[in-house]
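The listed protein sequences correspond, in order, to chains U, D, L and F.
Using my numbering, you'd call the opening residue of the first sequence number 2 and step up by one each time.
Using my numbering, you'd call the opening residue of the second sequence number 2 and step up by one each time.
Using my numbering, you'd call the opening residue of the third sequence number 2 and step up by one each time.
Using my numbering, you'd call the opening residue of the fourth sequence number 2 and step up by one each time.
Take the hints with a grain of salt, since some may be wrong.
Any copy, or any two copies together, can satisfy a pair, since identical chains are not distinguished.
[To be verified] Here are the simulated DSSO-like pairs of lysine-lysine, each with C-alpha atoms no more than 30 Å apart in a straight line:
#, residue 1, residue 2
1, LYS142, LYS291
2, LYS350, LYS2
3, LYS344, LYS29
4, LYS218, LYS350
5, LYS2, LYS37
6, LYS291, LYS116
7, LYS291, LYS112
8, LYS142, LYS112
9, LYS218, LYS291
10, LYS344, LYS291
11, LYS112, LYS18
12, LYS330, LYS344
13, LYS218, LYS351
14, LYS351, LYS112
15, LYS116, LYS332
16, LYS330, LYS116
17, LYS332, LYS344
18, LYS291, LYS330
19, LYS351, LYS37
20, LYS37, LYS116
In case anyone wonders, no lab produced these hints; they're calculated from the structure.
Number of protein chains: 4
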Amino acid sequence: KRARELGIHIGVLPTGKWNAITDVPGVKVGQTTLVKGDNIRTGVTAILPHGGNIFQQKVPAAVFVGNGFGKLAGTTQVTELGNLETPVVLTNTLNVATAMDAVIEYTLQQKGNEKIQSVNAVVGETNDGWLNEIRNRPVHKEDVLQAIQSAQTGPVTEGCVGAGTGTVCFGYKGGIGTASRKLPQNLGGYTVGVLVQTNFGGVLEINGAPVGQELGKYDFSDVLNNPVDGSCMIVVATDAPLDSRNLQRLAKRAFMGLAKTGGIASNGSGDYVVAFSSADAVRIPYEADKPVMELPALHNEFVTPLFMAVIEAAEEAIVNSLFAATTTKGKEGHTVEAIPREKVIAILKKYNRIR
Amino acid sequence: KRARELGIHIGVLPTGKWNAITDVPGVKVGQTTLVKGDNIRTGVTAILPHGGNIFQQKVPAAVFVGNGFGKLAGTTQVTELGNLETPVVLTNTLNVATAMDAVIEYTLQQKGNEKIQSVNAVVGETNDGWLNEIRNRPVHKEDVLQAIQSAQTGPVTEGCVGAGTGTVCFGYKGGIGTASRKLPQNLGGYTVGVLVQTNFGGVLEINGAPVGQELGKYDFSDVLNNPVDGSCMIVVATDAPLDSRNLQRLAKRAFMGLAKTGGIASNGSGDYVVAFSSADAVRIPYEADKPVMELPALHNEFVTPLFMAVIEAAEEAIVNSLFAATTTKGKEGHTVEAIPREKVIAILKKYNRIR
Amino acid sequence: KRARELGIHIGVLPTGKWNAITDVPGVKVGQTTLVKGDNIRTGVTAILPHGGNIFQQKVPAAVFVGNGFGKLAGTTQVTELGNLETPVVLTNTLNVATAMDAVIEYTLQQKGNEKIQSVNAVVGETNDGWLNEIRNRPVHKEDVLQAIQSAQTGPVTEGCVGAGTGTVCFGYKGGIGTASRKLPQNLGGYTVGVLVQTNFGGVLEINGAPVGQELGKYDFSDVLNNPVDGSCMIVVATDAPLDSRNLQRLAKRAFMGLAKTGGIASNGSGDYVVAFSSADAVRIPYEADKPVMELPALHNEFVTPLFMAVIEAAEEAIVNSLFAATTTKGKEGHTVEAIPREKVIAILKKYNRIR
Amino acid sequence: KRARELGIHIGVLPTGKWNAITDVPGVKVGQTTLVKGDNIRTGVTAILPHGGNIFQQKVPAAVFVGNGFGKLAGTTQVTELGNLETPVVLTNTLNVATAMDAVIEYTLQQKGNEKIQSVNAVVGETNDGWLNEIRNRPVHKEDVLQAIQSAQTGPVTEGCVGAGTGTVCFGYKGGIGTASRKLPQNLGGYTVGVLVQTNFGGVLEINGAPVGQELGKYDFSDVLNNPVDGSCMIVVATDAPLDSRNLQRLAKRAFMGLAKTGGIASNGSGDYVVAFSSADAVRIPYEADKPVMELPALHNEFVTPLFMAVIEAAEEAIVNSLFAATTTKGKEGHTVEAIPREKVIAILKKYNRIR
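The following block holds chain U by itself, in its conformation from the complex:
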């Protein structure tokens, strides 16, 4: 069961239909999960801004760097040009190159792209090396292509799946999570969706309840042990007509949602947010038929509800990743427990944060 089904209601805004990034029209998600033998626990998660040829119909986009100890590929071009021209792919730290290679191949081979010679692959990662034999770099190009090609709308599988197969979050098994918010019509009626790959630490709070403290498991709780650094990749989609500047602002607010779960963006964490608008009207054609485009753009004064929405959705997506993940045994016999659901629910009851 997802957090909301358990009675955990984060924030004040309503969710979209699936409470997933795929509530944003056009957005698709595909995942490849690699569980092999005793020591391969990794995978790939691909987020497609729309179902067409993304290179030919780019989407406005931006990146926010929460903590740059990470290998997110493609950032400078997204920032310079204000757009995204490939799927966003998530995987493990040492397979970023593999995923880039696959994204480039995917793009070169799409119909209509026969002559293009430059592709800015956007690939994020977190380090799943506690459970996964990461030094073997077990993800192959085909795994990435499979994730892209299988992407679909509708509900998104969460937990130990795709790029979240081997991740660890607040000392428990993390993974993929998603959530969305849909603004009321008088606030614009737009949808904001978030997908996260959770692999970070801090002092876990769920809906404001001090879960990490109650469980006695949080960073520096035993100062003889260094916390295992980790990362969080966050992907944000919206159908609001935002330009790259306002998408960058939206991305920054997703990081605020991470803060609300007790994340601390530790030195070793690669915390990044990639945000894009999938609105049809703001697509940027690769080849302009005329120099001046006419683009709708939300006036600055109207972006605040979107900020609130993304904070809520990011927080809930992270919590969803924890509830969906299951105890996982991997490399060198390492085992990472799922959050103890019963105990957590009891804690949430103690703090009156579950219905």
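Given chain U, put chains D, L and F in place with the hints provided.
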């Protein structure tokens, strides 16, 4: 009573002696409160990194822009040179120039500065125009000088004082707040202090309890009314030997503390963090006696406990500002209520977030 | 005579009518020159993006920081919101606060602005303290208002005027300079205008000729003497429909023009570029009548000619400032010579860089 | 012959022994050139900050983005942590992933790195797709490893070699170039070295002479033809004890050197600078033996001569790349001519810019 005295314990780390920014050795705070007639409700708060000549003995510093709808003066030089050469002064939006003028005069007239011709005054602000006749620009140079010259170590007055005299936070009276954390020796033993000028909105949470929702008062709760945008200025001090790069990272984490109070960094909010190290050994002399300095610098691997500390301290400083502020009547008969302490305490009890 | 009239043709693109920033439709420039007694040599230069109420009809804008040892006010808000809501005012380093105060007053008092409570004054500066008794802060609010109110279209006075009255450039008298480029119709037909306040050093080159070396006067030519650090403020206007992202790119290219004059952006130099689009169709209303604006935006693929234009115009504007400035005696008997025109022309002939 | 041997003296500072990036103590360069059949014209250039284990002994580093239309991998981590932990590898646009993969493998397999699970590979690129069948992605992991493993000190081969094998610059054959400057002792005695991969356009100037105009070949000279966009990767090394903040400033000045060659940083150009300090005393150990390091750091006041040095060296490195490159025929019969040396020398004589 401050939050902690009421039984509200935010975070897991211990506070410094005063639970104030002044716990960081050398740091001084001075304030001028201007309450005149029916419509002047404003003031000045000055934070001095150390008691000496700051221009001659600069301190490493950095700025993080949470949301740049604000007039913080001096940012680009702090970023370029990595240091701060004046007190940090906070006031209202339309008196930034007044405060700059005063900081420049203060610096020019300090002994030893007879020949300097350039001063980078760092002045922050939030907009207190709901209670204060801000268009009159009621702060004068003398008010600023008085704040600087009266700065002292020890406890810091919070609430409706100095630059917090006329501010509004989550729909209640905001103001000045402060808090600190002192790391255990095995985590470095450093102190991190925060001072805030709170004047922003969102959905108030105190120690994770949904206070804003319980009180029915939060942004977009009545969508016919736009939320009053506001701002939060945050000043962070530490005695850890951090360079400007790591101070910038520390500053970013203070913004995470703001997120935990339910702040949303709305479009119109000027949310900034200025962070500096007051450690003696990292002072940067105006006139170098030799080209190469030998500077202690905390290795990246050891900054994470400071990150956790500043998140906690920023959250607590904001909460302190709310508990210290009192109902204030100002311009055009506008009244802003203090947070309803009894109700809030009842809510915190309901959510088991007060001892 | 201006550089071009002397036969110095910089670049390959044609100029606008006045070869001035005022070639960009709507842009106005006003200046106040303060020459008093033996030691006041300073002033104010104001650039208005258009002749209307700028606060009510903001213009897209961006800032590029070449070297941030400077006090440019208003940068973070321009960057965050992507627009400019006041004139850009230039003055001396220690009068930035004075100019901010004046810009705020000007804006508060404009018809239609009776209720506004927040103004982001954009004020740049360079340090004229060699010729000007800068510590006296001789510019007054009235001087700034006069510059704004007297702004007009048409030719712009260059040299020892306004904010350039007391500046020094490459060891010679600097000042205000301006230039423009007008793209051919097949490249868009847009105009780019530049105005500079020159006060920096390096190894002077004029149209590629090594003037500084020939004159034996350049930074570190006598390593016993430190070069006097200085700054360059650059303002760029265009009527091309650029958003703030592309304006930031345009601003960065203006800095490339500075490089071509032999500027080195020394440690102590405050080198900034403020760029805006004055195109009617991209104005951003203070109060939106509807949430979504329809804005024309030049496709990325078509901005390169503008880049070339601004590089040329910035280089020429700097050279113009040198040719227009005259030998000036100021504070403490300091005298700064104008560039030796005859010698320079001879050098340009030697290098075949003058017609 | 290199530019200087031909009598072209750029700037005022003396060069290092080899006039190459390898004049900076410890720096090594290795290259793999791939010329196969009619259509493969590409390669790899690797720059090693020092001869030891770079991951274990990281070097302070920074990145400046001149124009971010490029795929430079590793930027955010360099910026966040202020250091570089791998060789810097340059190749073609569509083989960045290949090079990352190789750099990761190289690092994982180095002695002492048996347990590391995270590597931030820094890989830059330009697009050689006019001469090279780039869509085939002809670079293989072995080619990259060969470049790294063959790296050495001493003279560096320039022109159509390594990552410069297939590049085009100002419409002529570009390639790899390098240069250095050695400051006099009274300015610190430090060395600054630059290596470039030239593949960009604009209006070529050599030592200030308008070569592009004289040859009638420059961007927009025939406005019916769009200029071929290109890129320039610049790597800067120094033995001055600079921290990442000052290295970022140094990197920005290298971009000024590009401007002096007539480069315009066109929309489609990926212009980046990676700068690092190879000074022994500023190495950052992967595993700190104690939390606080004592680091030498050049005081801001003493960096300006380094700025001047890098501007000169970058300009000269670009010019060297042009003089060293030879006419190349490649993909689809495309031929790119070397700059016409005799004509260029004649032009330089006409403008008195060659001895």
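Q) When the hints from earlier in the document are held up against this structure, which numbers fail? A) 1, 3, 10, 11, 14, 18, 19
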